[in-house]
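**Student:** Construct all of the structure, not just a fragment, from the sequences and the given hints.
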Amino acid sequence: MARCFGDCDDCKQTEAEFIHYDTAKRDRAEKARNPENYPYIVTGRLAHAADCHHVADVARYAGVYDRSNEERFRALLKQYTHRDRSLIEFDHEPLDWDGLERWAEGRTGPQGGRYYRACKVCRPQIP
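Note that our numbering has the sequence shown beginning at 57, numbered continuously upward.
Don't read these hints as lab results, they were simulated from the structure.
Hints may be right or wrong, so weigh each one.
Stated by the list, open to error - Straight-line Cα separation of at most 27 angstroms, DSS-like style, residue types lysine-lysine; simulated pairs:
#1 Lys68 / Lys134
#2 Lys68 / Lys81
#3 Lys134 / Lys81
**Tutor:** Dropping the structure here:
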């Protein structure tokens, strides 16, 4: 295979998917930078307060590069395309109170069993 610089056929096919992924990642990072409106961050089955040290780096995870920098964009597209994308999942979701309620409801069984828990460090209130 010829050397890829983010412009091979595979990269061209996944470019729209990467832009969607990158936009969602930037949105989550922006929400994490606004703890007044999004005071909770959920990770898998755990709920944290936005200021918990376990999730303190979430706001820095995304969107730092300038999208007009074509070379950087192509490098990130290449990474995204040629690595196992199943490993590139969002595991942090900043939420407001309503979002946290919906998140908790979605993880509550038919008999009231909870498939989530609060972080033992920051102990956020969960609906």
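**Student:** Would you mind confirming whether the straight-line C-alpha gap from Lys68 to Lys134 stays at or under 27 angstroms?
**Tutor:** holds (10 angstroms)
**Student:** For the pair supplied as a hint, Lys68 and Lys81, confirm whether the alpha-carbon distance does not exceed 27 angstroms.
**Tutor:** At roughly 20 angstroms apart (the allowed maximum being 27 angstroms), Lys81 and Lys68 satisfy the hint.
**Student:** Does the structure keep Lys134 and Lys81 at a Cα separation of 27 angstroms or less?
**Tutor:** holds (17 angstroms)
In summary, the structure agrees with every hint in the numbered list given earlier.
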